[in-house]
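These are the residues of each chain, in order.
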Amino acid sequence: MEQNKKSPKILVFSTDKISDPGIDQAGLRKIHYNPSVYVISLPCSSGIKPKWILHALENGFDGVFIAADGHECSFSSRCADHTNTIVETSQVLMKERNINPKRIRMAALCSVCAEPFANHMENFSKILMGLEEIPA
Amino acid sequence: MKEKIGVYICHCGGNISDYVKVEELSKMFHEEDNVVVSKDVMFACADSNQKEMIQDIQEFGLDSIVVCSCSPKLHLHTFKNVAERAGLNPSNYVQVNIREQCSWAHSDQPHEATVKAAGLIRAGINRVSYSESLEPIDISVKNTALVLGAGVAGMKAAIDLARSGTEVFIIEKDYFVGGRVAQKETLFPTETNAKQLVTSLYQEMKKYNNISLFAGASIEKVSGSLGNFNIDVKVKPRYLSPNANPQMVKQAMDECTVTSADPFNFGFKSRKAIYKNYPDAWPDVPVVIPELLENEIDYKEKFKTIFNFNEPEQILSLVAGSVLVTTGFNHYEPKEGEYGYKTIDNVITLPELNTLMELNPKQLVYNNKQVKSVAFIYCVGSRQTKGDNKYCSRQCCTSTIHTSLQLKEKYKDIQTYHLYRDIRTYGKQELMYEASSKQGDLYFKYEEKEMPVVEKVDNSTIVKVKDYLTAKMPLEIEADLVVLVTGMVPREDSAQISEFLKIPMGSDRFFNEIHPKLKPVETVIKGVYIGGACQGPKNISESVQSSMSGASKIVALLKRGTVSVDPIIARVDSDICTWCGKCAEVCDYTAIREIEVDDKRVAGVNKAVCTGCGICAPVCPVNAIEIAQYTDHEIESMIDGFLFEVDIKEGEVIQNDQHEEDESTGMKEYPQIWKEILAGIQERNTIPEIIQNTGINGDLVTYHLMTMNKYGIVSPDGMDAKEEYYYYKVKN
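Protein sequence lines, in the order shown, are assigned to chains A and B.
Everything in the first sequence is counted per my numbering, starting at 54 for the first residue and increasing by one.
Everything in the second sequence is counted per my numbering, starting at 40 for the first residue and increasing by one.
Worth flagging that the hints you see were computed from the coordinates, not collected in a lab.
Careful, some of the hints might be misleading.
In silico negatives: residues of chain B with every beta carbon more than 12 Å from chain A [stated by the list, open to error]:
| no. | residue |
| --- | --- |
| 1 | V297 |
| 2 | K639 |
| 3 | Y742 |
Short derived list, chain B residues pointing at chain A, Cβ under 7 Å [said to hold, decoys possible]:
| no. | residue |
| --- | --- |
| 4 | Q140 |
| 5 | W143 |
| 6 | K155 |
| 7 | S546 |
| 8 | D627 |
| 9 | C652 |
| 10 | F681 |
| 11 | L682 |
Here chain A is said to cover these stretches of chain B; the calculated rule only asks that three of the stretch's residues, wherever they fall, bring their Cβ under 8 Å from a Cβ of chain A [what the hints assert, rightly or not]:
| no. | region |
| --- | --- |
| 12 | 156 to 168 |
| 13 | 548 to 562 |
| 14 | 663 to 672 |
Ideal Cβ placement from N, Cα and C applies to all residues, glycine included.
Please model the complete structure; the sequences and the hints are all you need to start from.
Right, here's the structure in full:
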């Protein structure tokens, strides 16, 4: 648990064409962030299932971050709304399981958003460290 | 579940292994039950390693492979090809990014980077365990393309498509071709006459009997998908008899006295009730405005043989394998009062000035007054940090400066003032900026926070500006004509076209490509491409480049008669689905519809239309939808993999400078490219000499030579005489 206090485990859902290149660029430019951040890349942030988010939070992740496509999404102009609905649905399910809804966070991230990504990870890590542990 | 997995963990020279203990990891995963091969390799992408992977797949009968190296953006296709060459379905390959998202990102914490890499690799192994062999979806396609918009971009694309043997339908909303270019007189940088350019493209199109042009036509309905789009096109009548005598038509045009405002010439001219946009407009068939002739009884009687006032609208049903959208743009129209537009009589826009110049060949006259001074205000309707159009319209700076040069050349005694925010005459267009400065045009820089103000003082029009080039000095410029340099905006029918063809639009309301650099003319709709300024502001060269690129994509797509599309699409478990329709509601592409399977109403996915975005999956209340390669098993097993506890001792990290002495770099054999570079070094050579000796791409030589230097395989040996390049020699 001490390890968790130091660096919370964060699962990031990124997208192949928009946010994943931005996260890659953070590495390319050696912009460091919490090494307990793990990324799953999907075609579109509107395709994240709330059950995946719960699976992560119930099995050891401290937080889930959605690097959303926002208005840049090449699939749907309603992408931000769809992704927002996924977050809201997940938060309802999280509350039912006594998981703090602050453990999920969403922000639009572009294909060159290297520094913003690192900043988001730092801020989210701080927030997660201040929360009560997820009930077993 | 896969039982014979091959895992390859890359050193990437030292890019990964300087921070991540790849050798330890490869040993650790070798002990997994379902992992048959686990190797650490110097360069996973090297030819020698690719051959070794193929041998392993065949020798050990591997059913899947995991390559742990750089970002999938770089080598996804390299390793998919390796799998295919070895006879393995490429869907049974997973790429794990342990460079950009691990060794480089966490080079400050090498131990944590190794722990993270272990989790990432474990997730990759878990994911590949659930991978399925997917086969590409073959769709038969009709070798016919529909080009929407017969501007310069559309016509050029149509010619290219026809030349390659594709049948082309080209649809133009206006009655005449040429789009915005036809409204211009002279084009930069070649000083080509715009109308002649349109004529030459039209004549070129007419040479191909596989091009059918429909002018005065627009899309009414679209159904179908890649390979077979069914498109209903409405063609408006011209109210001319098909057998009209051309001499009689000409006489009717000459004798017509009824006119109305002419939008083609921005209202500076009037047009007759039987008109062409300009004398050489194509097709060479005029259009009649019947409403204007309502009371012209005698005229109609005289020319009754040429008119057909009962001509109906026609609806044509066309089938096309692919669609190229080149619908162009609109000029931004300033709001009433914006810099005095429409409230002060001598404020006009740049396109209006261009038309005015064309209509006044000898002397520039506006409102019956000779124009001696012109003040241009740049960036009107573009770069609005608080408005809708946040983008730069790219071509307006050059267009304005070109106009300024023409003003001087055509009318001699005229002074121009340029009130700009930044001059963006990129590339060779910069030469025009230089010429304009040399001819005495005056430039004043303003900032968005202190915009110029146009005022009428007595009979004079005054432009007030704070010039940031001279310490914000307030200036007042009296101008005979104030010209607002307006940018490009999407056409008013963009939303409708987007609705018909399902092309996504950006927040700027231009059509969106998949990727600005890597897929710049492709849209997420299979078989639908975009070119020209419908995608965003472009000049003519750029528009033509993109439409030709779209045309070549279409030729490549259609010429084989069948197209293989990516099998990563949605699929519905019809046992679970109860058809509530929520998935169909969120699908922007109408790829999902209600079907019947074994007497049960369920959701069905049109494989040719589905983009695999996955938007339908989370909305299913019974979790009946999955996207191939992103199944619940695959994603949840990855999450479990990330959480995999590893027992890696925190030890010393191999420092860069230790490599020189370190014989055990894990390199059993140098990569092939290193061998070739070593063979290209005779005693000592500079990088350009090695490039010449080996014939290898310069960037590759530079990159690999640096790595070889780092590993003590070569070393620098002084500089050449010009002190430009180091000599390198092979280190003994």
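Each hint tested on the structure:
With a least beta-carbon separation of about 45 Å from chain A, V297 of chain B lies farther than 12 Å from that chain, consistent with its non-interface assignment. Every Cβ of chain A is farther than 12 Å from the Cβ of K639 of chain B; the closest lies at roughly 24 Å, confirming the non-interface assignment. Listed as a non-interface residue, Y742 of chain B keeps its Cβ farther than 12 Å from every Cβ of chain A; the least gap is roughly 14 Å. Taking 7 Å as the C-beta contact cut-off toward chain A, the hint placing Q140 of chain B at the interface holds, the least distance being around 6 Å.
Restraint check, W143 of chain B versus chain A: the minimum CB separation of about 4 Å is within 7 Å; hint holds. Nearest Cβ of chain A to the Cβ of K155 of chain B: about 5 Å, under the 7 Å cut. The hint holds. Proximity of S546 of chain B to chain A holds as hinted, the smallest CB-CB distance being about 4 Å (cut-off 7 Å). With its C-beta approaching chain A no nearer than about 5 Å, D627 of chain B sits inside the 7 Å limit, and its interface hint holds.
Annotation: interface hint on C652 of chain B holds; nearest CB of chain A at approximately 4 Å, less than 7 Å. The interface hint given for F681 of chain B holds, since its Cβ lies 4 Å from the closest Cβ of chain A, which is under the 7 Å cut-off. Checking L682 of chain B against chain A: minimum C-beta separation of about 4 Å stays under 7 Å; hint holds. Restraint check on the region 156 to 168 of chain B versus chain A: 3 residues with Cβ-Cβ distances below 8 Å, three needed, restraint holds.
With a threshold of 8 Å between beta carbons, the proposed coverage of the region 548 to 562 of chain B by chain A holds, since 5 of its residues qualify and at least three are required. Check result for the region 663 to 672 of chain B against chain A: holds, 3 residues qualifying (beta carbon to beta carbon below 8 Å, three or more required).
Violated hints: none; the structure is consistent with every hint.
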